[in-house]
Amino acid sequence: VIPDTVNNIGNYAFRYCTGLKSISLPATLASIGTYAFDGCNNLLCVSFSDDAVSLNISNNAFNNCSALTIFEAPQGLYSISTEMFNGCTSIISINLENFVTNNVIYMNKMFGNCNSLTNLDLSKFTTKEVKSMEMMFNSCEKIKSLDLSNFTGEKIENINSMFQNCISLTGISLIHFDV
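Be aware that the sequence shown starts at 2, since it is given in the numbering used here, and climbs by one per residue.
If you are wondering where the hints come from, they were derived from the structure by calculation, not from laboratory data.
Treat each hint with caution, since some may be false.
Below, a list of computed lysine-lysine pairs in the DSS-like style, where the Cα atoms sit at most 27 Å apart [unchecked claim]:
hint: 1; residue 1: K143; residue 2: K125
hint: 2; residue 1: K129; residue 2: K145
hint: 3; residue 1: K129; residue 2: K156
hint: 4; residue 1: K125; residue 2: K156
hint: 5; residue 1: K156; residue 2: K132
hint: 6; residue 1: K143; residue 2: K22
hint: 7; residue 1: K125; residue 2: K145
hint: 8; residue 1: K132; residue 2: K145
Construct all of the structure, not just a fragment, from the sequences and the given hints.
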């Protein structure tokens, strides 16, 4: 449990803390730094306070948390970044419907190598400012359906390998995506 006196978790703060199994984040937390929990390969659960209001999650924050299975954020305003869940090979459920993506520019490898993820609803994501989605879902081998119905492509410059190795993908909604 992170005490409510903590406002920021710095870059690399818990990187490679392989003994860490769960983390409870306080409502006072405003930001999680780059690679903050990278390589915490025994981290199973990340929980947020129901009172959370605003949280900025930096690049690679949960990168290679290979044991992480469920990530569900409460109602609130959030910002996410590149490679946020890259290498989270055990994650089966990600609820990001409360995340604000208005100012996100790069979504590269955001869900790369999430091998256990089967469905993902990103229909509430706003992608008006996004320039790159390179390898965004790369090697999500079990993903069967993606709802990207709110994705637009006004500023997209790079979607290389966006769905590479998504060998189980049978349904995708990209009705507003014009690249």
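Problem - Holds or violated: K132 to K145, with C-alpha atoms at most 27 Å apart - result: Holds: K132 and K145 sit about 25 Å apart, inside 27 Å.
Q) Taking 27 Å as the top limit, are the C-alpha atoms of K156 and K132 close enough? A) Given pair K156, K132 holds - Cα atoms ~5 Å apart, limit 27 Å.
Discussion item. Tell me if the straight-line CA distance from K129 to K145 falls inside 27 Å.
Written reply: holds (25 Å)
Subject >> Pairwise hint evaluation, K156 against K129, where the allowed Cα distance is 27 Å at most >> reply: Holds, because 7 Å separates the two Cα atoms, which is no more than 27 Å.
Taking 27 Å as the top limit, are the C-alpha atoms of K125 and K145 close enough? holds (19 Å)
Restraint check for K143 with K22, where alpha carbons must lie at most 27 Å apart: At roughly 25 Å apart (the allowed maximum being 27 Å), K22 and K143 satisfy the hint.
key: Pair hint K143 and K125, alpha-carbon separation not exceeding 27 Å   = Since the Cα atoms of K143 and K125 sit roughly 22 Å apart, the hinted pair holds (cutoff 27 Å).
query: Is K125 close enough to K156, meaning Cα to Cα at most 27 Å?
result: holds (18 Å)
Checked against the numbered hints given earlier, this structure breaks none of them.
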